[in-house]
Structure formats: C-alpha cells, structure tokens
Amino acid sequence: MFKKTLYEMRFRLTVFIVLFFVLLLGLIFTRPVIGNLMVSMDMNSEEVKELPDILKGFADGKEFEQLKDDDQFFLLSQWYGKNFGQFLPFFALIIAFPVFSRETEKKTIYFLLSRRNRKEIYDSKVLSGYYVMILIVVVFDFLAPVAMMLSGYDILFNGNLIRLIVQQLIAASFFYFLFILFSIIFNDQMKPVILGIVLIVALPFSSLINGIAWLNLYPYVFGETVLSSGDFDWMRSLVLTGLSIFLYLGGRRLFLKKEF
Amino acid sequence: MGNGIIDYSEKFALQINGLSKIYRNEVHAVKDLDLNIYEGEVHALLGPNGAGKTTTIKAILGFIAYEGDVKVLGEGIDLVRENVAFVPEEKNFYEFLTPYRTIKICKGIIPQFDENKAFEYMKRFSLPMEKKISSFSNGMKTSLYLSICFAQKASLYIFDEPTWGLDPIRNNDILDMIRDLVIDGKTVLYTSHIISDVEKIADRISVMHEGRRLFTGYVDDIKGDFRVFYLPTDFQGLETLRYLSGKRERERTVILTDDGETIERLEHSSEVEMSVPDMEMFFQILLRGKNYV
Numbered sequence: 001m002f003k004k005t006l007y008e009m010r011f012r013l014t015v016f017i018v019l020f021f022v023l024l025l026g027l028i029f030t031r032p033v034i035g036n037l038m039v040s041m042d043m044n045s046e047e048v049k050e051l052p053d054i055l056k057g058f059a060d061g062k063e064f065e066q067l068k069d070d071d072q073f074f075l076l077s078q079w080y081g082k083n084f085g086q087f088l089p090f091f092a093l094i095i096a097f098p099v100f101s102r103e104t105e106k107k108t109i110y111f112l113l114s115r116r117n118r119k120e121i122y123d124s125k126v127l128s129g130y131y132v133m134i135l136i137v138v139v140f141d142f143l144a145p146v147a148m149m150l151s152g153y154d155i156l157f158n159g160n161l162i163r164l165i166v167q168q169l170i171a172a173s174f175f176y177f178l179f180i181l182f183s184i185i186f187n188d189q190m191k192p193v194i195l196g197i198v199l200i201v202a203l204p205f206s207s208l209i210n211g212i213a214w215l216n217l218y219p220y221v222f223g224e225t226v227l228s229s230g231d232f233d234w235m236r237s238l239v240l241t242g243l244s245i246f247l248y249l250g251g252r253r254l255f256l257k258k259e260f
Numbered sequence: 001m002g003n004g005i006i007d008y009s010e011k012f013a014l015q016i017n018g019l020s021k022i023y024r025n026e027v028h029a030v031k032d033l034d035l036n037i038y039e040g041e042v043h044a045l046l047g048p049n050g051a052g053k054t055t056t057i058k059a060i061l062g063f064i065a066y067e068g069d070v071k072v073l074g075e076g077i078d079l080v081r082e083n084v085a086f087v088p089e090e091k092n093f094y095e096f097l098t099p100y101r102t103i104k105i106c107k108g109i110i111p112q113f114d115e116n117k118a119f120e121y122m123k124r125f126s127l128p129m130e131k132k133i134s135s136f137s138n139g140m141k142t143s144l145y146l147s148i149c150f151a152q153k154a155s156l157y158i159f160d161e162p163t164w165g166l167d168p169i170r171n172n173d174i175l176d177m178i179r180d181l182v183i184d185g186k187t188v189l190y191t192s193h194i195i196s197d198v199e200k201i202a203d204r205i206s207v208m209h210e211g212r213r214l215f216t217g218y219v220d221d222i223k224g225d226f227r228v229f230y231l232p233t234d235f236q237g238l239e240t241l242r243y244l245s246g247k248r249e250r251e252r253t254v255i256l257t258d259d260g261e262t263i264e265r266l267e268h269s270s271e272v273e274m275s276v277p278d279m280e281m282f283f284q285i286l287l288r289g290k291n292y293v
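Chains as they are written, first to last, in my numbering: chain A, 1 to 260; chain B, 1 to 293.
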C-alpha cells in the first residue's frame, strides 16, 4: 500500500521538491544581496518612513541590523519563517487532500475496501502520506542550514534551530491530519481542496480579531517565540500534538463508519 | 412455490437473513432479504435497475451499514475478506498505472495474488502492458479488472455486471472463465442484465425487484417445472389458480406457474394456450406481473 501511495503522489511530490529546491537556491543567492541592502539602507530615510505600518513594525531597526550581520538569524527568519515555512500548510494540503477523496470520487476505493479491512486501509494510507510529508519537511529543514554552511555562511546547529524544526514538524502534522479529515468527509476532490485553501488563507486574518488571534498558527510555524526570545512554544506544541492525535483517531473512526 | 429445493445439508458460502437497507434519502433499497448461496454454485442475482442488487453486494462486502445478518463463508466479512474477490459495477482502476505496474502493486495489496496468472490473463486479453490505464477503452478496463480478480485465489467471487463493455467473443471467454471457477470448487455470485449470459452459466438465480426477492430457483427447473398459460379475460376460476406471477395483456391474462395442480387443470383446457418459458419470458412475466391478477 505504501508503494501505491508513493506512486500516486509522485507528481505532487516532484513539484514541491523542485519548488523547495528553487526556494533554497534563492535563499543562498539572495543572502549577500539582502546583507548589502541592509547595509545601504538608512533607517531614518524617507523611503523607510513611507513603508506601511506593518513593515515599519518589522523594520524597527533590530531585525534589520540582525539581517545585515547575522547569517543564523537570516536563515531562521527567511527560510523557516518565510520561504519554506509559508508553504508548509499548502504542502500538507496537497499531500493529504486526495488520500481518500480521490479514491472515493473515482470509485477505486472499492478495490481496497473489498480486499483489506478498513483499519489497515486507513492506517497504511494515512501513515504512508504522513511519513513522506515528514521526511520531506525534515530533509528541507536540515538541508537549508547544511547548504548555507557549505556556501560559507556562519551557521550553527544550535537550540533555536532545533526548536524551530520541531515546531514546524508539529504544525505540519496538525495540518496534515486536519486535511485528511476533509478528505474522508467529502466524496469529491474539489471540496477538501477549496476548504483547505480557504482555511490556510483565512488563518492569518484571525489575528486581527481579539479573542481568536490564537487561531493564527503562522507565528507558531514561523517560530515567532523562538526568534524573539529563544523559547520553544510549549503550550501550542502540546495543544497541536493533542489535536493531531485526536484528528488521526477521529478520522479513523469516521472512515470505519463511512458508507461507500 | 417458486423457490428451488434447498438442501440444508449443503454448506452455504453466503447466508443473508432479513437484510434491509434504507439510504439517507429515504430510499428503501433492500427490503427484508433472505438469500442463501451454496458453496460451489454460480448464483445469478437478476433484476432491473434499482432492484437492489448492487446494494445487496455492498452490504455483503461491508461497504454500507444495514439491518439484518450477513455471513460470508460462515463468518463476518472482515474475517474472510482475503478469501473474497470482487469486481464492481464500475470497473475504475488507478488510471495512472500501467497493467505491468498494476500487477506489481496488487501483489502488495492482495494477500493471495498470483502474479504469473495475472500476467497470463492480461496477455490473453491482449492488454498493452506498458500503456497507462487512462488510455484504455471500457472493454479493456473491464478485462484488466477481471484479470486481477481471476488472479486472486479466493473461495467466493462476486461479479457485479462483469461483462460490461466487452465484445461478444471476449464476453463468452469471461463466461467460460467464471464457469471454470466453479469447476475448481469456488463459489460465484454474479449480477447481470443479460439474461442469455445468465442462462449460460448460472446454476441458480434469484430475481429481485424494488428491493425484494421475487424468486430463487434452479435455472434448469425454469424450463422443466414452469409453464406459461394464456387465459381468456373472462376465464372462470382464476382466483382458484396458484401461480407465481400473472399479468393482464390486452385480451388475455398471462400466468406463470409451477404448481402441479394448476398445470394439470389448465394444460388440457381448450380455451387456454400454454408455453414452456425460456429465461427471458420467465423474467419478463415475473417482473411485469403480480402474484394476483
């Protein structure tokens, strides 16, 4: 079943692997450009004053200074906190949404359902996709610092880097199991994709509303607390891990009861 | 009346008692169905669209929730799934695969899968081994699905419209292969709309209509035991006759019966015409008629 799942997702995987490689090359090649830009940027210039408020908040001087001199900060903020990090929920969606919905829509699910029991089908299909996703995330989470090190930048495998990687793995797992649930609930492929995209796009807006700002998972994915204070976000990590287990077991129960 | 003789000393491959299924849209697809299938027989499940055949198969295979009791090879389906091979009504297989890849993947999914046999069947059906299934015709897709099914070592084979999309020559090949399964001691449950196919391979048939089973019996008994009588509309004593199904046509009443007393009474009557029904006629009168006229 693992072989089949892998074979099914080979095109989607290839697209994302190529995309991540392009982003990685972009990260390495833009490092000197960004550094020089920061050096030449006058924080009191008219251009900086005219930046939107949201960027001014970022451009309070400290981050610009760090971006100019600190390769480690550049890696953490630009790769985990931007390039790779922002694609993680989409990557989880693209891997998860067709796992069951495609089989149900195309009616190929009958082939599996008639030959294997549902627990086996659920576990092998869900976990095959999960292992592949986690493997890709781990590879690119580690590849970026290695590639930057080999390119001559000053990078350390320190605690912050590991904390950020662990947070990204937890976040990716949560998104994956949530989108797997969508894939079970719907009998066609369009609805889980659309709902997933709406959710991913809507999440940042929740931070604009008092009371539900905690729903925005992006600060967690980008490692906001790790970058600002070096702290691992224990609370969110435990909640998201618990939710992932709940979603995995809930999805399993739903799949065992679903009529085809 | 109407049911084949059931020898309870024989083993059942499939036992269905009181099966009912109501879908969420309130459609009562199967109504209190009792059906037993002997080991080593080809049992054809017949009926028009919406009769409840596919729902019955889905219940047997555990695809849907239902009321009633279904035993497959004496157990609940999940305990014997490895011994059941199934070809669904829609022969959709993974379109991104080639037949060659299909065999390799099936080997990992189907517990008792004979890889060599699968190659052999696909070769016999002239399937291009390196072409993607997405480019296949309906007949080729059916042939591929059947190859996988025949290459699986199972005790019970369930075919839902297995000859869909096949040309007449391939159609006959498949019917022979299904018949061969029984010679090898397997059991076959088979649904079809094509009466002539059923006549060729089935030992027993069950006819379903609007979720109910109207008849179960041996194919050979239909010609041997049943008679069709055409009675004038003013025939006296119709209510005293015993028949399985009857219908009024323009100027006569047609009844289908295997009741010895009724046959004896009517076959010598000068005002009544009689014929021996073939499967097609049997099926038509059964479905279009009622058990009272």
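These aren't lab readings, by the way, just hints derived from the structure by calculation. It is possible that some hints are incorrect.
Said to hold, decoys possible - Below, simulated SDA-like cross-link-like pairs (lysine to any residue); rule was C-alpha separation at most 25 Å, straight line: (1) Lys107(A) x Asp78(B); (2) Lys119(A) x Lys132(B); (3) Lys257(A) x Gly76(B); (4) Lys132(B) x Lys257(A); (5) Lys131(B) x Arg10(A); (6) Lys191(A) x Tyr94(B); (7) Lys117(B) x Glu89(B); (8) Lys258(A) x Met9(A); (9) Lys131(B) x Asp123(A); (10) Lys106(A) x Met281(B).
Hey, Lys107(A) versus Asp78(B), does the alpha-carbon distance stay inside 25 Å? holds (20 Å)
Does Lys132(B) pair with Lys257(A) here, judged by a C-alpha cut-off of 25 Å? violated (33 Å)
Restraint status (C-alpha distance of Lys131(B) to Asp123(A) at most 25 Å): violated (31 Å)
For the pair supplied as a hint, Lys191(A) and Tyr94(B), is the alpha-carbon distance within the 25 Å limit? holds (21 Å)
Tell me if the straight-line CA distance from Lys258(A) to Met9(A) falls inside 25 Å. holds (24 Å)
Is it true that the CA of Lys119(A) sits at most 25 Å from the CA of Lys132(B)? With Cα atoms ~30 Å apart, Lys119(A) and Lys132(B) exceed 25 Å; violated.
Keeping to a limit of 25 Å between CA atoms, is the pair of Lys131(B) and Arg10(A) held or broken? holds (18 Å)
Agreement of Lys257(A) and Gly76(B) with the hint, judged by alpha carbon distance not exceeding 25 Å: Within the cut-off at roughly 16 Å; holds.
Lys106(A) and Met281(B) were given as a pair; does the straight-line alpha-carbon distance stay at or below 25 Å? Outside the cut-off at roughly 37 Å; violated.
Check the hint pairing Lys117(B) with Glu89(B) against an upper bound of 25 Å on the C-alpha distance. Answer holds: Lys117(B) to Glu89(B) is near 23 Å, not above 25 Å.
When the structure is compared with the earlier hints, violations turn up for hints 2, 4, 9 and 10 and for no others.
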